[in-house]
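Chain E is already provided as a structure; the job is to place chains Y, H and F on it using the hints.
4 protein chains.
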Amino acid sequence: MIRIGVIGYGYWGPNLVRNFAELGRARLAAVADLDPKKLDLVARRFPAVKTTTNYQDLLSDPEIDAIAVATPVNTHFELGMAALKAGKHVWLEKPMTETSLQARKLVDEADKRKLILHVDHTFIYTGAVKKMKELVKDGELGKMLYYDSTRVNLGLFQRDVSVISDLAVHDFSILDHLLGEQPNAVSAGGINHFPGTPENLAYITLFYDSGAIGHVNCSWLAPVKVRTVLVGGAKKMFVYDDLQPSEKLKVYDKGVSFTDDPAQIYQMRVGYRTGDMWAPKLDEAEALRVEGEHFLDCIETGKPSMTDGRLGLRVIEVLEAATSSMKARGETIHLRQEKAL
Amino acid sequence: MIRIGVIGYGYWGPNLVRNFAELGRARLAAVADLDPKKLDLVARRFPAVKTTTNYQDLLSDPEIDAIAVATPVNTHFELGMAALKAGKHVWLEKPMTETSLQARKLVDEADKRKLILHVDHTFIYTGAVKKMKELVKDGELGKMLYYDSTRVNLGLFQRDVSVISDLAVHDFSILDHLLGEQPNAVSAGGINHFPGTPENLAYITLFYDSGAIGHVNCSWLAPVKVRTVLVGGAKKMFVYDDLQPSEKLKVYDKGVSFTDDPAQIYQMRVGYRTGDMWAPKLDEAEALRVEGEHFLDCIETGKPSMTDGRLGLRVIEVLEAATSSMKARGETIHLRQEKAL
Amino acid sequence: MIRIGVIGYGYWGPNLVRNFAELGRARLAAVADLDPKKLDLVARRFPAVKTTTNYQDLLSDPEIDAIAVATPVNTHFELGMAALKAGKHVWLEKPMTETSLQARKLVDEADKRKLILHVDHTFIYTGAVKKMKELVKDGELGKMLYYDSTRVNLGLFQRDVSVISDLAVHDFSILDHLLGEQPNAVSAGGINHFPGTPENLAYITLFYDSGAIGHVNCSWLAPVKVRTVLVGGAKKMFVYDDLQPSEKLKVYDKGVSFTDDPAQIYQMRVGYRTGDMWAPKLDEAEALRVEGEHFLDCIETGKPSMTDGRLGLRVIEVLEAATSSMKARGETIHLRQEKAL
Amino acid sequence: MIRIGVIGYGYWGPNLVRNFAELGRARLAAVADLDPKKLDLVARRFPAVKTTTNYQDLLSDPEIDAIAVATPVNTHFELGMAALKAGKHVWLEKPMTETSLQARKLVDEADKRKLILHVDHTFIYTGAVKKMKELVKDGELGKMLYYDSTRVNLGLFQRDVSVISDLAVHDFSILDHLLGEQPNAVSAGGINHFPGTPENLAYITLFYDSGAIGHVNCSWLAPVKVRTVLVGGAKKMFVYDDLQPSEKLKVYDKGVSFTDDPAQIYQMRVGYRTGDMWAPKLDEAEALRVEGEHFLDCIETGKPSMTDGRLGLRVIEVLEAATSSMKARGETIHLRQEKAL
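Taken in sequence, the protein lines are chains E, Y, H and F.
Oh and the first sequence: position 12 is 12 in our numbering, straight run, nothing missing.
Oh and the second sequence: position 286 is 286 in our numbering, straight run, nothing missing.
Oh and the third sequence: position 303 is 303 in our numbering, straight run, nothing missing.
Oh and the fourth sequence: position 182 is 182 in our numbering, straight run, nothing missing.
Only chain E is shown next, with the shape it has when bound in the complex (with noise of 0.2 Å):
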């Protein structure tokens, strides 16, 4: 039986309390919070847990194996190293840190140690996310050509981070699950539009060496919600919604093919091949609660979590980019030395 402590019950920790406290192979050991009003309501729902306003009590206990991590992003580091330091596997809320070094730091730390350090990129977790997954390794989709995210919707403002920390990251994640691959170059256009406010909007362009190109369109000042995902691959197309009910990733036999037919020399010698549409039944299982069984899998084994430190770390490389390229109006990062392709 795997024994978790959890530090932050402000916006996320209660799913993470709830979620951990229904694992059956784990048991939720303590809460650890600033404010007591908070882990009463602790108390209340789960008497059995211990809750404590001092995040030391849960890293001095023998009987804690594991430490998750739910606090604003400033803390991430200070917290998640003194966790590794006391010995315990570590799960950090995303974004992982504030700064690429940080992470880097975490991830040797881990290393070091031989600690499970698990991001929490829900998203990777989702059915249609692993669908999407399977269907890329399996060879379906053929060679990526592009990802393209819409994720836009009226609020919530936040105060400390901008909207590309706040929704493009999903997008980082997913892309770097997908295409196994960061980007080369990074060029971002972003705007606040309320003086004294984070960026409230975001375009972000990533370029690949495998000649994939990615884009995320980010936003909290929109009339409406989206959260659409285009892929375009070589054999196949995805489109993926995950505000539908039902039919969130649709699979299009689609695509165009060229040809060296002479006679068609002046023209553009491109074919357009359309087929059916697939909407492949997904996982429909909570994806916070199959993370949360991964991460106990991990520790069980000691094989690295599939959003382990080093993917945490990339998202914050990318982040950073984008970033920086938002401040520059659109200049673009090279996060490093394009390969010859």
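Note that these hints are calculated values from the structure, not bench results.
Treat each hint with caution, since some may be false.
Because identical chains cannot be distinguished in the list, a pair is counted as satisfied if it fits within a single copy or across any two copies.
Pairs of lysine-lysine residues, derived as DSSO-like cross-links and limited to a Cα-Cα distance of at most 27 Å, are as follows [to be verified]:
| # | residue 1 | residue 2 |
| --- | --- | --- |
| 1 | 327 | 105 |
| 2 | 38 | 105 |
| 3 | 143 | 327 |
| 4 | 85 | 250 |
| 5 | 105 | 235 |
| 6 | 250 | 281 |
| 7 | 327 | 137 |
| 8 | 225 | 281 |
| 9 | 225 | 143 |
| 10 | 137 | 281 |
| 11 | 114 | 248 |
| 12 | 50 | 225 |
| 13 | 225 | 235 |
| 14 | 112 | 225 |
| 15 | 143 | 130 |
Same frame as chain E, but now just chains Y, H and F:
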């Protein structure tokens, strides 16, 4: 009765010919095309219309008042200039010319000769864009904060011009019309997935002195057709979906408001305002017909067209900047010095 | 402080319990259920609430003012009558009773004792239905011409009651509320595709003295979930789609008009009027909470509930007629003599 | 080369004329209409085609093999019979005749003379209906359980015929084609909201020996246009939305299954099966063209049309029954003795 000659009876020419033939106030006088077989088609449908393989016949015909040019873009400058020099009013298909230099010369020539120079940016004459313009002009929208267009579908791949010239150019003209302002900088990312072909997918971000931001996502390689524009204003927001059979334009009484409530000093002090949605009845007259009437009005009154050579030129300038940025993997191209705000 | 007891903690009971517990003006006093395990759940969640397996304990408790009955429908009459005879106000789940005779007896008993008898037709308290009622009442809709509901999905098949009792009953209550008129005749076709089970699909048509016509298409065997109501009025029309996350109610300024123009004597002399569409902002308060407050208001003021026993009775009468017609393969059942128009 | 004459150049006639003119294997020989102005239109568009105001000219022309009748329905019988007696194959617009008696006489006459008698139920020749028929025939759907159509819009009100004749007749033909079975009973409710006009809204339920049930909701007075058919089968289900530009037909791998598990004896023992959804690629050929080719095939081979006079007759019988039921406020009309199951 204004007499009109049309040069070019290829892809778009037949629409122009039909349209001018149906306008009661004008007479379709002659059609020129290099291909005699196409002229046969014209002769059969419009027995009274002269046909010729030599466009000079139209220019030298003293009874012709205006020339519409519907040939490939690389001939627009030569034909347009020749027509102006022959004293004819000119209707040019979009994009106006291959380069902004050519466009500027046409504008100057038309000015000098006091002739109408009209560019066929048809979208400006649709019921939806006319209604948006009206709501912008009347102050209903409030200060425009962003314009965000998704204009994608599968095909038709073009041989000579990129997807920006083909699709994004519509948004450049609508943006110019709605905002009355040219961007000061443009950043674009795009890709040609198939060597030797023009870019088939592009993401363009446009920056404006007023603080507005524009964005166009255009592609020939999407599994589904999308023609959706989101426009955010300080008072209202639009969703314009050109694929809807009705209710193409929806006006949302939504937005954010900022308070100075000191009690909220540590929060974002953002309030969300949501009210009714309203889909105004739109003028359902065919845009090309409305545009044709407008062209005749301009000839009769001497007033410049809503989509005159100046607008056409500004669109070409944005197109050039976007293309340059795309070739440079997103490097920001400044159209001019950004004004101090 | 009104003290409330709830009988039945099965499918819907927990919602009632939670709702009454959250209403500031009432106190949830006791819960009865035959199953001690369910009572354990109550005790854990609401330690201050009494629990009992004997509902008589609630009826004989002088401190309890009102009883909510959320048991299977075949116990509604017995429990409701006992509660009324014990001097308690009563909240009954829908459908009110098994027969109209039972419903009538409950109405009479409540009248005699001047007690509130409320039937839980929750839809009446939703923002969309409230707005429709308002627009009908204010004359915005004009004379109601038809009400046409499609209410279908896959499952849940029920054991005891047909799809009419389960789904169409919602429309019967909404129709009664909007029209303020009971149908004079009902015709229904339905089918049980699986022997030994209740009808899983039914089509019901309702005829009204006012000339309005109602129609309900309900099914447990549809591949997709649909909750759409079209309402036609002499001035406006509604589309009410309960599955939309926003803009559930759309008001169309559309209709037909007839002319007496003799020039059109051989034509239909019908003109079509189409104007704006408008999606009013709806009250987003939870319907059950609104309904709970209304129930408390009724108890305090002595005024009958919007969904009182009389409405519940009328719904049962329509339900009986529809069921009879369905059993007779569509034979029209007259609820009463049709009035001369 | 089959030579065809068309009688009637009003609303639908021009489509027939264009279609026959474009079929390579046939020759459009002559067009008759009472209105010389309409014949002028024909002459201008098709100079080689004979025109006449006297349809007898077509019947007496020995070079004409087949006659298409596109006149008002009250002339179908007379013209169709005259054409058959003149030894011509006949194409009749839908609905076939005013009465089933007339239809039966035409069927008999065609049989006697071994002539093709074809009724223009165009929907049968669309890609979507052809694919549904294929999936029914191959057993993919399983036993058909229900067919449920919503076919509503605003206008066009007709002068002579009710909405059932105008709209529901399409579903009657599709149902006949898919099920291969005529209903044994029909119940319909409908209304004419405007005195002196035909019924503008109707709800029709059809009962079948096989246990299937059909339903058609048709209206000229709806605020939105809907063309949606749900079909439930024992193995699969269809959603056919004719207004979608693509993916008109969706095939759901959904259904219910019943178990004999004694542990579930007190429950409904119903399981829900949900699997993939699949939108097959449909034949995009114009239905009228496919139908025209089929008519020519029938003439050449002597085989009856898919939509022959017998199908046309069965549709008229259902139409008569539905109309009678509607006039009687839903009284069930039995087309024949229901077979014992």
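Cross-check of the supplied hints:
Proximity of residue 327 to residue 105 under the C-alpha cut-off of 27 Å is restricted to the intra-copy arrangement: shortest distance 26 Å within a copy versus 37 Å between copies. Proximity of residue 38 to residue 105 under the C-alpha cut-off of 27 Å is found in neither arrangement, the shortest distances being 31 Å within a copy and 50 Å between copies. With identical chains, the CA atoms of residue 143 and residue 327 are at most 27 Å apart between copies only, with a shortest distance of 23 Å across copies and 33 Å within one. In this homomeric assembly, residue 85 and residue 250 never come within 27 Å of each other (Cα to Cα): the closest approach is 45 Å inside a single copy and 55 Å across copies.
With identical chains, the CA atoms of residue 105 and residue 235 are never at most 27 Å apart, being 40 Å at best within one copy and 46 Å at best between copies. In this assembly of identical chains, the alpha carbons of residue 250 and residue 281 lie at most 27 Å apart whether taken from the same copy (10 Å) or from different copies (14 Å). Proximity of residue 327 to residue 137 under the C-alpha cut-off of 27 Å is found in neither arrangement, the shortest distances being 36 Å within a copy and 31 Å between copies. For the homomeric pair residue 225 and residue 281, the shortest alpha-carbon distances inside one copy (24 Å) and between copies (16 Å) are both at most 27 Å.
Taking the shortest alpha-carbon separations for residue 225 and residue 143, only the inter-copy value of 22 Å comes in at or below 27 Å, while the best intra-copy value is 30 Å. For a Cα distance limit of 27 Å, the shortest separation of residue 137 from residue 281 qualifies both inside one copy, at 18 Å, and across copies, at 25 Å. Taking the closest pair of Cα atoms, residue 114 and residue 248 never come within 27 Å of each other, the shortest separation being 38 Å inside a single copy and 53 Å across copies. In this assembly of identical chains, residue 50 and residue 225 lie within 27 Å of each other by CA distance neither inside one copy nor across copies; the values are 39 Å within and 44 Å between.
For the identical chains of this complex, residue 225 and residue 235 are inter-copy neighbours only, at 18 Å across copies versus 30 Å inside a copy, given an alpha-carbon limit of 27 Å. Within a single copy, residue 112 and residue 225 get their C-alpha atoms no closer than 43 Å, and across copies no closer than 51 Å, so neither meets the 27 Å cut-off. Proximity of residue 143 and residue 130 under a CA criterion of 27 Å is satisfied intra-copy only: 18 Å inside one chain copy versus 35 Å between copies.
The structure is inconsistent with the numbered hints 2, 4, 5, 7, 11, 12 and 14, although it conforms to all the rest.
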